[in-house]
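Using the sequences plus the hints, can you model the full thing?
2 protein chains.
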Amino acid sequence: MEMGSGNNEKAGILTRGWRWMKDLPKNSFAKGVEIARQTKKIGQDDPRRVIHSLKLGLALTLVSLFYYFQPLYKNFGVSAMWAVMTVVVVFEFSVGATIGKGLNRGLATFIAGALGVGAHYLASMTGKVGEPIFIGLFVFLQAAVTTFIRFFPKVKARYDYGLVIFILTFSLVSISGFRTDEILDLAHKRLSTILVGASTCVIVSIFVCPVWAGEDLHNLVADHLEKLGNFLEGFGEEYFAGSVETEFKDNKSFLVGYKSVLNSKTTEENQANLARWEPGHGKFMYLHPWEQYLKIGALTRKCACRIEALNSYLNSEIKAPEEVFQRVQEICTIMSKESGQALKELSLAIRTMTKPSSPNRHIVNSTTAAQNLESLLKSGSWEDINLRRLISVAAVASLLIDIVISVEDIAESVTELATLAKFQSPELNVPESKIPSNAGISTKQLQVQDCPRVIISINLTPATDEVHQSQFQDSNQEAKQNVQV
Amino acid sequence: MEMGSGNNEKAGILTRGWRWMKDLPKNSFAKGVEIARQTKKIGQDDPRRVIHSLKLGLALTLVSLFYYFQPLYKNFGVSAMWAVMTVVVVFEFSVGATIGKGLNRGLATFIAGALGVGAHYLASMTGKVGEPIFIGLFVFLQAAVTTFIRFFPKVKARYDYGLVIFILTFSLVSISGFRTDEILDLAHKRLSTILVGASTCVIVSIFVCPVWAGEDLHNLVADHLEKLGNFLEGFGEEYFAGSVETEFKDNKSFLVGYKSVLNSKTTEENQANLARWEPGHGKFMYLHPWEQYLKIGALTRKCACRIEALNSYLNSEIKAPEEVFQRVQEICTIMSKESGQALKELSLAIRTMTKPSSPNRHIVNSTTAAQNLESLLKSGSWEDINLRRLISVAAVASLLIDIVISVEDIAESVTELATLAKFQSPELNVPESKIPSNAGISTKQLQVQDCPRVIISINLTPATDEVHQSQFQDSNQEAKQNVQV
Chain F
1 MEMGSGNNEK
11 AGILTRGWRW
21 MKDLPKNSFA
31 KGVEIARQTK
41 KIGQDDPRRV
51 IHSLKLGLAL
61 TLVSLFYYFQ
71 PLYKNFGVSA
81 MWAVMTVVVV
91 FEFSVGATIG
101 KGLNRGLATF
111 IAGALGVGAH
121 YLASMTGKVG
131 EPIFIGLFVF
141 LQAAVTTFIR
151 FFPKVKARYD
161 YGLVIFILTF
171 SLVSISGFRT
181 DEILDLAHKR
191 LSTILVGAST
201 CVIVSIFVCP
211 VWAGEDLHNL
221 VADHLEKLGN
231 FLEGFGEEYF
241 AGSVETEFKD
251 NKSFLVGYKS
261 VLNSKTTEEN
271 QANLARWEPG
281 HGKFMYLHPW
291 EQYLKIGALT
301 RKCACRIEAL
311 NSYLNSEIKA
321 PEEVFQRVQE
331 ICTIMSKESG
341 QALKELSLAI
351 RTMTKPSSPN
361 RHIVNSTTAA
371 QNLESLLKSG
381 SWEDINLRRL
391 ISVAAVASLL
401 IDIVISVEDI
411 AESVTELATL
421 AKFQSPELNV
431 PESKIPSNAG
441 ISTKQLQVQD
451 CPRVIISINL
461 TPATDEVHQS
471 QFQDSNQEAK
481 QNVQV
Chain U
1 MEMGSGNNEK
11 AGILTRGWRW
21 MKDLPKNSFA
31 KGVEIARQTK
41 KIGQDDPRRV
51 IHSLKLGLAL
61 TLVSLFYYFQ
71 PLYKNFGVSA
81 MWAVMTVVVV
91 FEFSVGATIG
101 KGLNRGLATF
111 IAGALGVGAH
121 YLASMTGKVG
131 EPIFIGLFVF
141 LQAAVTTFIR
151 FFPKVKARYD
161 YGLVIFILTF
171 SLVSISGFRT
181 DEILDLAHKR
191 LSTILVGAST
201 CVIVSIFVCP
211 VWAGEDLHNL
221 VADHLEKLGN
231 FLEGFGEEYF
241 AGSVETEFKD
251 NKSFLVGYKS
261 VLNSKTTEEN
271 QANLARWEPG
281 HGKFMYLHPW
291 EQYLKIGALT
301 RKCACRIEAL
311 NSYLNSEIKA
321 PEEVFQRVQE
331 ICTIMSKESG
341 QALKELSLAI
351 RTMTKPSSPN
361 RHIVNSTTAA
371 QNLESLLKSG
381 SWEDINLRRL
391 ISVAAVASLL
401 IDIVISVEDI
411 AESVTELATL
421 AKFQSPELNV
431 PESKIPSNAG
441 ISTKQLQVQD
451 CPRVIISINL
461 TPATDEVHQS
471 QFQDSNQEAK
481 QNVQV
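Protein chains in written order, with full-length UniProt numbering: chain F, 1 to 485; chain U, 1 to 485.
Don't take each hint at face value.
Unchecked claim - To be clear about the criterion: a stretch of chain U counts as covered by chain F if any three or more of its residues have a C-beta under 8 Å from a C-beta of chain F, and this derived list gives those stretches: (1) 42–54; (2) 79–88; (3) 164–173; (4) 330–339; (5) 415–422.
Claimed, not checked - Here are the simulated lysine-lysine pairs, DSBU-like style, with alpha carbons at most 35 Å apart: (6) U/K337 x F/K265; (7) F/K283 x U/K189; (8) F/K31 x U/K295; (9) F/K265 x U/K156; (10) F/K189 x U/K295; (11) U/K26 x F/K156; (12) F/K154 x U/K22; (13) U/K252 x U/K189; (14) U/K252 x F/K252; (15) U/K156 x F/K31; (16) U/K22 x F/K31.
Said to hold, decoys possible - Examples of chain U residues toward chain F, derived with CB under 8 Å: (17) K265; (18) S312; (19) L399.
Hints in this document: simulated from the structure, not taken from any laboratory.
Every residue gets a Cβ at the ideal spot worked out from N, C-alpha and C, and that includes glycine.
Rendered as structure tokens:
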């Protein structure tokens, strides 16, 4: 009996093995296709990834010239290895990350090298027996203290890599068995090669299709506002349209876009940290207020959280009966739509780096709608209604009121950004090319949504005769008065 | 006039400089105190940080013995440097991260070294002119391809460091100007020193006060459930108690604890990735279902998002009038409290690794309360009420209903975890020491909240006389019958 089961098992294993062998080509092919599909997707999602890979190859090839050209090789010897190592570990996706790592590596190597030589010299004075003990003590202490410093959040955000290199260099220099003059020569060579490697990285990173962390953060924050705007713009109609239409979820991607906003905190903080290393570029100055983007991001996430709560009512089956709630429905739809449009306008203001119109027409509309809703509810003409049905609509209305407040906060924060970063006042004839195609608002809309205003510019010349000057200005004003819509 | 302003400016700068000099000791002292305070806080928040720093110092000192002991030094020469480098970059806070990095570094060095030697050999066959061109091509291609592979999310999560080391080693080996036999000798030495460094890290990391990423994830998920539980348990009373009491926000930290849950996704995913490298330890097997913790984490965040929406009503001034809403108030308080207790019980079940009671008494209670609320609202005895006041309560009630559903989902997910990870069935006399002091539920509560039950244990001895045996069991049962509460 037992032998029989053993044979069966053996046969089972054989059969499975044979099946696996038979399916191997098919499975390998399927896996290959899957990998090819993923590769294509990763490249298409962000073509800069392909460019980054090529850039790293370029920087590495450039640095390896050290080895090929004999005169250089003779000068630096094996130390040229450090240039290659530096390129591999320092070259990062964004300019900010590359500069940050390069600076960290260079400075940490320099400081730790100097301190290491000092430690080595001090220990060598204590004689043959004392030397290893003292060096061991120095290495232990500096490693422990520096590692602990890495836990400080502010230090971790900007100097983490530098501290690792500090421990590394200090240990290598202080425990190496060389004489002091040998160490100095070695340190000099190593530092130069590291500088060569780091500057190759920075130069390639900046001058070959640069990827700026700051610009990415800027676009990310604008993207997030737009996603929330898209949801809110469509929510009202979606919710009150009833369950029949909501079944066609085909092109309703705007309803799930907000979800990526919820978990964006780490990415945003990381990019803000990297952006601080970057020099001025394009529309961004060196000391661009990156902190303010984090504030907008936090408010955006708060709003997204409310939208998440709102979203659960989209799929709930309890919908309000049409007859009773027509007025509520109308106001809620307005609140939702206007908040959404306000967010999209703020998103566009960030994208084009123009001051958001203040007060924002859409925010005024949504606030008015919220007030109307309150007074409607206070009027008390609500007898004989099914409260279970009311409760869902009440919750939606209440969440929408919160969202309107949330949008106001975001608008305030964006206005603050516009002031800090000295955004331009909106030019009315923004060329179509300046607005990204995915911004969702056309130039035409932009022109319509600004109120007509009078722009008066005054030429100030040095005052010689004040009365005359005043008259001159008056006539000048009249001439330059110009209604721009 | 201008000279006067120049003098004034100079005086201003001097005054400011003098003030700065005068304040320097005070400011330095204040800064020193601030740093000391932060240091203490970072150490107290997680004392394992101090231990980690000392562990790194220990590992580094151990490895530097390579330099001190001359026979070892003669064997490995300058390659001993690689052991030091390996310790500094591989030693991480948790065991999982250290093992992961060590394995990545070791394997990548081995594979890339072998391929590098091959590339070097191939290129050298093409002659003096072709060699640098071919090597340049190889380096460029492998760097570009490997860098692109780093963008695959699954690869990035586990093998990112290995790929960096792959590029590094391949480049160093293939472009080095050495002869093939020299390279082989060098590669052998380097690989051995890296293995020595990596194993020192892993051994120190595991045997000196180990920090397990898996255990951290386990506790984090339990912590989060407890934080949400604390909020919900207190919310009902807090909300309906009116604004008088809510002004005393002194020891109301339970109301903000949930906020840390909202942004926990990255941390959890990171720890789950690291935990997969860890061998079995303590209560966790090697293939513990870490993925399931991520599922619970996602549901917890969803619940936290609803709590965030709920929280905004705590501070709103519109409270429901007491007379009308007494019944709603009562039911809502029950829903909130019971959901909170259910979450805390689930948290305790995870902490003690026991199966959660199913069906959970608190979940049943909260679901019943939710049903009561619905039927109360349907009864329609709600005339002459101020709808503006109702709307806030309606939103709270509606959110609470959502939260009850959310808690049910979490309970289901925890039960699934208990099955996958083979949690023990709850022992009724859990020793006090097994429950962490911050679990919030004392053993007494644990005993009370379980229903009284009869435990019958039967001694099975090989059956010789079945009738006799049966009689024996009967008497045995009576003797062992024991009511444990």
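Going through the hints against the structure:
1. Look at the region 42–54 of chain U against chain F: 7 of its residues bring a Cβ nearer than 8 Å to a Cβ of that chain, three or more, so the hint holds.
2. Taking a C-beta to C-beta cut-off of 8 Å, the region 79–88 of chain U contributes 4 residues in contact with chain F, enough for the three needed, and the coverage statement holds.
3. Interface restraint, the region 164–173 of chain U with chain F: holds (5 residues with C-beta to C-beta distance below 8 Å; minimum three).
4. A count of 0 residues in the region 330–339 of chain U with a Cβ less than 8 Å from any Cβ of chain F is obtained; the coverage claim is therefore unmet, three being the minimum.
5. Check on the region 415–422 of chain U: 0 of its residues sit with their Cβ under 8 Å from a Cβ of chain F, so the three-residue criterion for coverage is violated.
6. Among the hinted pairs, U/K337 with F/K265 is consistent with the structure: their alpha-carbon atoms are about 31 Å apart, no more than 35 Å.
7. Proposed proximity of F/K283 and U/K189 is contradicted: the alpha carbons are some 52 Å apart, above 35 Å.
8. Note on F/K31 and U/K295: the hinted pairing holds, with a Cα-Cα distance of about 27 Å set against a maximum of 35 Å.
9. A C-alpha spacing of about 20 Å is found between F/K265 and U/K156, which places the hinted pair at or below 35 Å, so the restraint holds.
10. Proposed proximity of F/K189 and U/K295 is contradicted: the alpha carbons are some 52 Å apart, above 35 Å.
11. For the hint linking U/K26 to F/K156, the alpha-carbon distance of about 27 Å falls within 35 Å, and the restraint holds.
12. As the CA atoms of F/K154 and U/K22 are separated by approximately 28 Å, the hinted pair is consistent with the 35 Å bound.
13. A threshold of 35 Å between alpha carbons decides the hint, and for U/K252 with U/K189 the separation of about 60 Å lies outside it, so the pair is violated.
14. Our distance criterion of 35 Å between C-alpha atoms is broken by U/K252 and F/K252, whose separation comes to about 42 Å.
15. A C-alpha spacing of about 19 Å is found between U/K156 and F/K31, which places the hinted pair at or below 35 Å, so the restraint holds.
16. At most 35 Å may separate the alpha-carbon atoms for a hinted pair to count; U/K22 and F/K31 exceed this at roughly 71 Å.
17. The restraint placing U/K265 at the interface with chain F holds, with a minimum CB-CB distance near 4 Å, inside the 8 Å limit.
18. Given the 8 Å rule on beta carbons, the hint for U/S312 holds: about 6 Å separates it from the nearest Cβ of chain F.
19. A distance limit of 8 Å between C-beta atoms decides the matter here; for U/L399 the minimum to chain F is near 7 Å, and the interface restraint holds.
In this structure, the hints that do not hold are numbers 4, 5, 7, 10, 13, 14 and 16, in rising order.
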